[in-house]
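Asker: Line by line, the protein sequences give chains A and B. When you read off a place in the first sequence, starting at 1, and then add 505, the result is the number in our numbering. When you read off a place in the second sequence, starting at 1, and then add 55, the result is the number in our numbering.
Just so you know, the hints here were simulated from the structure itself, not pulled from any lab data. Treat the hints with care, since some could be wrong.
Which chain A residues face chain B? A few, computed with CB under 10 Å, are given here [said to hold, decoys possible]:
id, residue
1, 525
2, 550
3, 612
No residue lacks a Cβ here, since even glycine has one placed at the ideal position from N, Cα and C.
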Amino acid sequence: MNLYDLIFYLFALLTIVSGFFVVSSKNIVHSAFNLIFTFFGVTGLYVLLGADFLAIVQIMVYIGGILVLLLFGVMLTHKATNVEIKSGSIKVIPAVIGVGIFAAVLISIMLSSHWKDIPGSIPSTTIYGLGKLLVTDYVLIFELLAILLLVAMIGAASIARREKE
Amino acid sequence: MEHISLQHFLVVSSILFSLGIYAVVTRKNAILVLMGIELILNAANINFVAFSRYGNFGLSGEITALFVIILAAAEAAIALAIVLNIYKTFSNVNVDEINKLKE
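Could you build all of it, start to finish, from the sequences and the hints given here?
Answerer: As structure tokens, this is what we get:
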């Protein structure tokens with residue numbers, strides 16, 4: 506076992522264990538803070554796969570943006586005086602059985618399939634290639650996503666605005 | 056022990072996907088359901104990047120993962136706005152109790 510394998514198992518364990526706490530924790534704030542470690546573990550996996558730019562974007566957008574947004578959502582949808590923010594689960598046993606079967610089937614498919622497994626050489630940086638692809642092959646999707654983000658921003662602002670009575 | 060291959064990453068993403076499904080199915084609070092959706096999107100992203108690295112397709116998989124991150128950000132903003140509106144109307148955000156669109 507070399508260093509690469511060791512770091513992979515470390516980040517995989519971090520991702521899965523903190524992901525388990527996200528879905529099982531009674532306290533919503535604990536779930537949100539465990540989500541940080543899940544995102545961080547996924548970032549580590551991206552780095553191991555040679556996707557440096559994507560790892561930075563993951564940290565900035567997920568941890569810096571989405572997670573803060575979710576925490577704001579938690580704080581705004583509960584009484585501020587209520588320190589213990591709890592939330593229960595429903596129908597746990599059928600869900601565990603169903604999700605367990607689903608996970609077993611999924612993992613067995615992943616392990617038994619013959620994937621095309623030819624690792625290319627890791628480029629020293631992916632930013633040049635990604636930038637070039639964004640303005641050549643994927644320029645239409647790039648522009649559409651820009652419009653989508655504008656629409657989402659205006660839509661979110663107008664939905665969340667307090668209406669004047 | 057064998058060297059890390061594509062299948063190791065696929066197994067991690069399968070487990071993360073299943074955890075996300077579990078959160079969406081069982082949790083009462085709408086924000087926890089959203090966290091489950093984020094876990095699912097992250098699992099899909101791991102698959103995209105892993106196939107991009109091991110399938111020798113160039114950077115197409117990483118571009119797709121980038122687009123998924125953008126969509127996740129837009130989805131989280133809209134969903135949080137809807138959840139805040141639901142909280143204003145019903146004073147809670149438990150998805151098993153809310154069965155009307157307006158009061």
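Asker: Tell me, in ascending order, the numbers of any earlier hints that this structure violates.
Answerer: Nothing - there is no hint that the structure violates, so all of them hold.
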